[in-house]
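2 protein chains.
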Amino acid sequence: MNTAIQRTFVMRAEIDTYQEPVVYLKADSAVCRSEGFAAQTRIWVQVGNRRIVATLNVVTNGSWLPKDFAALSESAWRRLGPQPGETATFSHADAPESARLIRAKVYGDQLDRGGFRLIMRDTIDGALADVELASFLAACAARSMSSDEIAQLTLAMVDVGERLHWGARRVLDKHCVGGLAGNRTTPIVVAIVAACGGLIPKTSSRAITSPSGTADAMETLMPVNLGLAAMRSVVEREGGCIVWGGSVGLSPADDALIRVERVLDFDSEAQLIASVLSKKLAAGAAHVLLDMPVGPAAKIRSPKAARTLSAKLAEVGAAVGLNVRLHMSDGAQPVGRGIGPALEARDVLAVLARSPAAPRDLRERALDLAGHLLELGGMAAGSGRERAERALDDGSAERKFDAICEAQGGRRTPPHAAYTASIGAAHAGTVTSIDNRFLSKLAKLAGAPRDPAAGIELLVHLGDRVERGSPLMTLHAETAGALQYALDYHAQHHQLIEVEA
Amino acid sequence: MNTAIQRTFVMRAEIDTYQEPVVYLKADSAVCRSEGFAAQTRIWVQVGNRRIVATLNVVTNGSWLPKDFAALSESAWRRLGPQPGETATFSHADAPESARLIRAKVYGDQLDRGGFRLIMRDTIDGALADVELASFLAACAARSMSSDEIAQLTLAMVDVGERLHWGARRVLDKHCVGGLAGNRTTPIVVAIVAACGGLIPKTSSRAITSPSGTADAMETLMPVNLGLAAMRSVVEREGGCIVWGGSVGLSPADDALIRVERVLDFDSEAQLIASVLSKKLAAGAAHVLLDMPVGPAAKIRSPKAARTLSAKLAEVGAAVGLNVRLHMSDGAQPVGRGIGPALEARDVLAVLARSPAAPRDLRERALDLAGHLLELGGMAAGSGRERAERALDDGSAERKFDAICEAQGGRRTPPHAAYTASIGAAHAGTVTSIDNRFLSKLAKLAGAPRDPAAGIELLVHLGDRVERGSPLMTLHAETAGALQYALDYHAQHHQLIEVEA
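For the record, the sequence lines run as chains A and B. Note that the numbering used here numbers the first sequence so that position 211 is 214, with each residue one more than the last. Note that the numbering used here numbers the second sequence so that position 200 is 203, with each residue one more than the last.
To be clear, the hints were calculated from the coordinates, so they are not data collected in a lab. Heads up, a few of these hints could be off.
[To be verified] Below, in silico cross-link-like pairs of lysine to aspartate or glutamate (EDC-like), each with a Cα-Cα straight-line distance of 20 Å or less:
| # | chain 1 | residue 1 | chain 2 | residue 2 |
| --- | --- | --- | --- | --- |
| 1 | B | Lys444 | A | Asp97 |
| 2 | A | Lys70 | B | Glu17 |
| 3 | A | Lys444 | A | Glu501 |
| 4 | B | Lys315 | B | Asp115 |
| 5 | B | Lys70 | A | Asp268 |
| 6 | B | Lys315 | B | Asp270 |
| 7 | A | Lys444 | B | Glu272 |
| 8 | A | Lys70 | B | Asp97 |
| 9 | A | Lys315 | A | Asp270 |
| 10 | A | Lys307 | A | Glu272 |
| 11 | B | Lys70 | A | Asp19 |
| 12 | A | Lys444 | B | Asp97 |
| 13 | B | Lys444 | B | Glu501 |
| 14 | A | Lys315 | A | Glu272 |
| 15 | B | Lys444 | B | Asp270 |
| 16 | A | Lys307 | A | Glu318 |
| 17 | B | Lys444 | A | Glu100 |
| 18 | A | Lys70 | A | Asp115 |
| 19 | B | Lys70 | B | Asp31 |
| 20 | B | Lys315 | B | Asp151 |
| 21 | B | Lys307 | B | Asp268 |
| 22 | A | Lys444 | A | Asp268 |
| 23 | A | Lys315 | A | Asp115 |
| 24 | A | Lys307 | A | Asp333 |
Next comes chain A alone, as it looks inside the complex (with noise of 0.2 Å):
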């Protein structure tokens, strides 16, 4: 509803908000006493015919806002995009019939494509408060949702975004599902998979819950943010591409729950399901392979939940199209050395440029997955890991590699962290756990995935013999502050990484 129109004029308040997007107004400002706005109310704003729900913050005082003029900030004027002399309308926002909706979905009802897809439209369009959004998905998670709602989900988030089609083509996809740190295989396995003529149009994510997402890690070394033109065009002359999905649009809703779902600190099977596949839909997959790590270091802990979520993953995938294969990996401790943007970033040019340092049970997961992944296209039958592994050995892999960054906008050298701090075993003995959780908790404290140089350098695996005093880890970080609240972390949970004599 749209009433009661005022033209005002409008500035930047050069204040960040963050994603939230927030209109600053004077108390006494014609708008605010003819529409009777008080602070933290929410209000269409709109600018020529671009239109968003902000957040209003009343300005009691103060003469860097004029009377007459409303105030955006950082995020409200990207949206916006105002023109010189274009001048704004508010008008009150009435509560959204998809929170309506939501509150149905809180009490238990079950709702259908429509539905949920009122619900990511006005997810995407701001009509909805964070708080809402938080209520939505912790509805999702706390009551189980059956597959064909999960599928009506899915269905609707593809819905509200862009779609790709790649005509006739057998197109082929991975996920890894329920992160394990450093597991960076993403990059290798498109490389590997392009470089054997495979079309394989890859969205990444950026870290929800985790110290890092693909796309964080792959932003240190090319542009990931590519528009949807941009992406067909480097994957129709590449074969693949790795580029962040929120920047495509493919699945916009799920970008913005993503950001609740940061805060929250969960994200529910359902959630995790229609995110991953609603993304797959979009970018045009028909064969999508799934990896599962599986184990103490993995979000799923055990072949029991592997499976039911495995189950759930192919039923959903049946239902909206998809052809799922999952492939379970090991889940027992970190990969790799790097757990961080940029560390993980340099792990995955080791393992392309075979250097003799790089990471051995990198290299071995990325060439399973590509190997899989080639029969699941049919370029392989039954010799998928060796297909992988030649174009690996044989340097097509990097020059591949190569040749995205270079068609994605260039290639970067990832940053190396201001500051840096070792963590040595207290005793000699042999290394018999670490644990994950701790360990994404301190490469987050450390400043991952925000400060890009920023997390951990682990320096053993299981079953490691070490010294006292002999490194385990070496911390990075981007200021000093962020350092020294990782290493306050790490002396109040020295257990982390369990030394035994």
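Put chain B on the given structure of chain A with help from the hints.
Just chain B now, kept in the frame of chain A:
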């Protein structure tokens, strides 16, 4: 955790962000650079020995904020109360243990008093983000909680607030569960019971999802924001009071949760029960009469739902040591004429003054409840209703009400709205239905409860005969925008009051 302290001068941002504390720092300030803070980070802000968690908004430019100053939003300023020359220190706000407990609740764990107490404590301290509170509320709503678990939640709420004790005297209280628009019996019941010599330390809430709470309505007649000491002295002098629960700090956690429930527009059974009973416990009441209107116009629609809720209320009451008695009443239509703070207050005054125009239904309901309460208090065995009627009709209830107003700080005159619009019947006939949900919505769109004079004067009841064009209701608003907004809504939902020919 509290590391890397930075002392910084503070100033008022003069920005009203409602209840969410926000701190504004320059992007290039020493604090942001050394701590690695980014927009929307949650940080501890300490001034003297007062400490809150606030959301960081980063000021990217603008001369209003000097580089090494921190500006505080109005709510942060109020809560920290910096004295001239005092500085603030900042540190990272680690995710609290209570956030982990909320996730456990979402995934189905039962929490105990200690767990709930942590969540309630952090809710009060602002250590939990609004989206975390929203996920907690949604989890409580989505998963049915046992009476025992609700009792634990109730006791936890009491643990983190103040609590009143009244010695050996028998302390009474009443509460209306699941409101009915206009059903403002509380002030009348308190006046009657106190006039008869009973002890009734009544705290009331502000509106959660309705157009007015008792506290909102009574605030147009007298100050209701009394501190605990002031409340105690009013009750010791007059036997009763009508104060806002939020101001006395008897259930500060509940007040913080209600702020989020208001945005979500729902309150769950568990929250409802814990909210009501924790306040009664904290006020020192032992015998509680719960009025539960049942019918299409009330929150509780069916006798079956009423019985389920009643049983749970009595069970939880017994578990926490309260003698709870239920009184079901007719919830077929709104009570009285006014819907909205000032309009409801005028109905109350009319009943107390025995005005011939006073709404009969409101008088009858108040007398019923006062009668039951006098019997529950052992003050009128079997003749409660007659005793109540005598106190109302001989003017002693009115005099007591005036005395309470005086004791709370002085009588006020309820405001009149600047804008009104009359809505007439489209055709002649009999009033066959009044949609309470749409009516509440309409009153809220007109500005209630934020604008105290706003709301609806309902001029008909079920069964009334009306002519074409004869007035069904009058809309009241404090701004032209709000009035227009309500009128637009009514135009889309004109079946709100149905008249059959």
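Checked hints:
no. : hint                    : result
1   : Lys444(B) <-> Asp97(A)  : holds (11 Å)
2   : Lys70(A) <-> Glu17(B)   : holds (14 Å)
3   : Lys444(A) <-> Glu501(A) : holds (17 Å)
4   : Lys315(B) <-> Asp115(B) : holds (18 Å)
5   : Lys70(B) <-> Asp268(A)  : violated (33 Å)
6   : Lys315(B) <-> Asp270(B) : holds (16 Å)
7   : Lys444(A) <-> Glu272(B) : violated (36 Å)
8   : Lys70(A) <-> Asp97(B)   : violated (39 Å)
9   : Lys315(A) <-> Asp270(A) : holds (16 Å)
10  : Lys307(A) <-> Glu272(A) : holds (14 Å)
11  : Lys70(B) <-> Asp19(A)   : holds (15 Å)
12  : Lys444(A) <-> Asp97(B)  : holds (11 Å)
13  : Lys444(B) <-> Glu501(B) : holds (17 Å)
14  : Lys315(A) <-> Glu272(A) : holds (9 Å)
15  : Lys444(B) <-> Asp270(B) : holds (16 Å)
16  : Lys307(A) <-> Glu318(A) : holds (17 Å)
17  : Lys444(B) <-> Glu100(A) : holds (14 Å)
18  : Lys70(A) <-> Asp115(A)  : violated (47 Å)
19  : Lys70(B) <-> Asp31(B)   : holds (7 Å)
20  : Lys315(B) <-> Asp151(B) : holds (10 Å)
21  : Lys307(B) <-> Asp268(B) : violated (23 Å)
22  : Lys444(A) <-> Asp268(A) : holds (11 Å)
23  : Lys315(A) <-> Asp115(A) : holds (18 Å)
24  : Lys307(A) <-> Asp333(A) : holds (14 Å)
Hints 5, 7, 8, 18 and 21, counting from the list given before, are not met by this structure.
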